[in-house]
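*Asks:* All chains, please: the whole structure from these sequences, using the hints.
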Amino acid sequence: MNELIHNLAIWLDDTEWSRMLHESYYMYNWVESTHVLTLMVSLGMLFLIDLRMLGLALPDVPASRIAERLNLPMLVGFVVMFITGILLFYAVPVRTSQSLWFRLKMVLLVVCAVNAFLFHKRMNESVATWDIEPRAPSRIRLGAMLSLGFWSIIVVCGRFIAYDWFDCDTSPNTLIDIVSGCVDGQTRF
Amino acid sequence: MADDTNSEDKDGVKMKDDQAAALVVAQAFIVFSAIYWFTQIESVRELLQLAYG
Amino acid sequence: MIATMFTSYPRTLTAVAALLALLTLAYGGAMDAVYPSLLTVFEWLETTWFGVIGKTWGAAFAFVEAVHLLGLALLGGCVLAGDGRLLGVVLTDVPMQTVVERTHRVFVFGLSICLATGIFMACGVATKIYYLPVYWFKMLALSAGMLFHFQVRRPLLSHDIQSLNPVVVKMVAVASMLVWFMVAATGRWIGFSG
Numbered sequence: 001m002n003e004l005i006h007n008l009a010i011w012l013d014d015t016e017w018s019r020m021l022h023e024s025y026y027m028y029n030w031v032e033s034t035h036v037l038t039l040m041v042s043l044g045m046l047f048l049i050d051l052r053m054l055g056l057a058l059p060d061v062p063a064s065r066i067a068e069r070l071n072l073p074m075l076v077g078f079v080v081m082f083i084t085g086i087l088l089f090y091a092v093p094v095r096t097s098q099s100l101w102f103r104l105k106m107v108l109l110v111v112c113a114v115n116a117f118l119f120h121k122r123m124n125e126s127v128a129t130w131d132i133e134p135r136a137p138s139r140i141r142l143g144a145m146l147s148l149g150f151w152s153i154i155v156v157c158g159r160f161i162a163y164d165w166f167d168c169d170t171s172p173n174t175l176i177d178i179v180s181g182c183v184d185g186q187t188r189f
Numbered sequence: 001m002a003d004d005t006n007s008e009d010k011d012g013v014k015m016k017d018d019q020a021a022a023l024v025v026a027q028a029f030i031v032f033s034a035i036y037w038f039t040q041i042e043s044v045r046e047l048l049q050l051a052y053g
Numbered sequence: 001m002i003a004t005m006f007t008s009y010p011r012t013l014t015a016v017a018a019l020l021a022l023l024t025l026a027y028g029g030a031m032d033a034v035y036p037s038l039l040t041v042f043e044w045l046e047t048t049w050f051g052v053i054g055k056t057w058g059a060a061f062a063f064v065e066a067v068h069l070l071g072l073a074l075l076g077g078c079v080l081a082g083d084g085r086l087l088g089v090v091l092t093d094v095p096m097q098t099v100v101e102r103t104h105r106v107f108v109f110g111l112s113i114c115l116a117t118g119i120f121m122a123c124g125v126a127t128k129i130y131y132l133p134v135y136w137f138k139m140l141a142l143s144a145g146m147l148f149h150f151q152v153r154r155p156l157l158s159h160d161i162q163s164l165n166p167v168v169v170k171m172v173a174v175a176s177m178l179v180w181f182m183v184a185a186t187g188r189w190i191g192f193s194g
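Chains as they are written, first to last, in my numbering: chain A, 1 to 189; chain B, 1 to 53; chain C, 1 to 194.
For the record, the hints were derived by calculation from the structure and aren't laboratory data. Model, not experiment: these values are computed from the prediction. All C-beta atoms, glycine included, are put in the ideal place defined by N, C-alpha and C. Please note: incorrect hints may appear among the correct ones.
[What the hints assert, rightly or not] Below 25 Å or equal to it, Euclidean Cα-Cα: the simulated DSS-like pairs (lysine-lysine) are: (1) Lys170/C / Lys16/B; (2) Lys170/C / Lys14/B; (3) Lys55/C / Lys128/C.
[Unchecked claim] Simulated restraints, written as ranges between beta carbons of each label pair: (4) Pro137/A / Ser43/B: 48 to 58 Å; (5) Val13/B / Lys170/C: 21 to 31 Å; (6) Ala60/C / Val114/A: 23 to 33 Å; (7) Ala116/C / Leu109/A: 25 to 35 Å; (8) Trp165/A / Ile30/B: 22 to 32 Å; (9) Lys128/C / Gln49/B: 27 to 37 Å; (10) His120/A / Ala60/C: 32 to 42 Å; (11) Leu50/B / Phe6/C: 50 to 60 Å; (12) Phe63/C / Asn124/A: 48 to 58 Å; (13) Gly55/A / Val167/C: 28 to 38 Å; (14) Ile41/B / His159/C: 30 to 40 Å.
*Replies:* Quick look at the structure:
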């Protein structure tokens, strides 16, 4: 599996657009800045929804209204983050695919998607009974807390990708090498 | 009664002041942002043109 | 006439004076006068506990950077929700006053996170950022943003918003989004500079 990912990353890395994006100071930084600044749209809206469920933001506005009305700007933000995220991966595919933090981030993104699905399902099933309560029921609050926690870890992982503490060629630790999916002899970024 | 009218006048004057301050500062920020970002984009464009033609 | 202006429009006159002061600091050479003497302050910042931790423990610095981003997300979300409501783009079926008032509380929390983590980060790289024009520009934009939020936007929106001039309200919303975008964008560019 790691060999397959590595070969795919090598193939991407060999494409001209990947090299151009990686070497372009302005384009790469522009894409990266867009990825980071769009946090304000995607996570900004998500945090408001989660905090509303916990009773910490807009407690006197019906919970379903906050969740429904902020859903669209949040999704627009996530789409932009997804596109810019793919471009960032495309610019530096070999190193990123073997980054411990990137792998952890991808796993947590899946966990967040499952949590969001369950959160919406549970909310839609019961919202009529607690919509105007300042705090949502404990099950929904748990979902909101998990969402806040996981997304915070995702941001930390995203930030850590930039650091080379556990890069394949610098880390002698076998367990980290295994989790990072290091392939023997890999040296290029 | 006279006190009520007086306080309403004061509120009206304060609102006018707050609106005028908001108008001046908001206008300044919008104009400054437009000039700033235009200049930034233009300078990058010129730099890229110098580098790549 | 001038006396009447001072008594009737104190906030407007203060705002004009503050704008002129900010412009003088940014472009009028006022900064050049105080800039050299600030170097000792920035050198001292690196010797503080924050500075030592930030410089020697890279993981702590990176973690604080991430928390700074989380604070930014919260701050930005509140700005977008509040100003988006003033522009009639989001939460249109919730009263403006409610959205503005409630998002302000979360905004203050997000801003506090950004300021606390920002001070820590600045200590760790103090002698680097001292020489970066973009850092100083960000500080001016941040000062402008905070003054605008607490001294202009909030007093204005404490009145009944329906009775305010809608054009002024919309301009305030646009200006607010622009100034916080400026703060965030110049902040991000600090990382690419130096």
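*Asks:* Are isoleucine 41/B and histidine 159/C spaced within 30 to 40 Å by their CB atoms?
*Replies:* holds, 37 Å
*Asks:* Is the hinted range of 22 to 32 Å satisfied by the C-beta distance from tryptophan 165/A to isoleucine 30/B?
*Replies:* Cβ of tryptophan 165/A to Cβ of isoleucine 30/B: about 44 Å, so the range 22 to 32 Å is violated.
*Asks:* Using the Cβ atoms, figure out if proline 137/A sits within 48 to 58 Å of serine 43/B.
*Replies:* Check passed, 55 Å falls within 48 to 58 Å.
*Asks:* Can you let me know if the beta-carbon spacing of leucine 50/B and phenylalanine 6/C is within 50 to 60 Å?
*Replies:* For leucine 50/B and phenylalanine 6/C the Cβ distance comes to about 51 Å; the hint holds.
*Asks:* Lysine 128/C and glutamine 49/B, beta-carbon distance inside 27 to 37 Å?
*Replies:* holds, 31 Å
*Asks:* If I claimed the Cβ atoms of phenylalanine 63/C and asparagine 124/A lie 48 to 58 Å apart, would that claim hold in this structure?
*Replies:* violated, 36 Å
*Asks:* Verify the proposed pairing of lysine 170/C with lysine 14/B, using a straight-line Cα cut of 25 Å.
*Replies:* holds, 19 Å
*Asks:* Under the criterion that the straight-line Cα-Cα distance not exceed 25 Å, is the pair lysine 55/C, lysine 128/C satisfied?
*Replies:* Holds: lysine 55/C and lysine 128/C sit about 11 Å apart, inside 25 Å.
*Asks:* Okay, alanine 116/C versus leucine 109/A on CB: inside 25 to 35 Å?
*Replies:* With a Cβ separation near 28 Å, alanine 116/C and leucine 109/A satisfy 25 to 35 Å, so the hint holds.
*Asks:* Given the range 23 to 33 Å, decide if the beta-carbon distance of alanine 60/C to valine 114/A lies inside it.
*Replies:* holds, 31 Å
*Asks:* Okay, histidine 120/A versus alanine 60/C on CB: inside 32 to 42 Å?
*Replies:* Cβ of histidine 120/A to Cβ of alanine 60/C: about 36 Å, so the range 32 to 42 Å holds.
*Asks:* Hint check: lysine 170/C vs lysine 16/B, CA-CA at most 25 Å. Holds or violated?
*Replies:* With a Cα-Cα distance of about 16 Å, the restraint between lysine 170/C and lysine 16/B holds, given a limit of 25 Å.
Hints 8, 12 from the list above are not met by this structure, while the remaining hints are.
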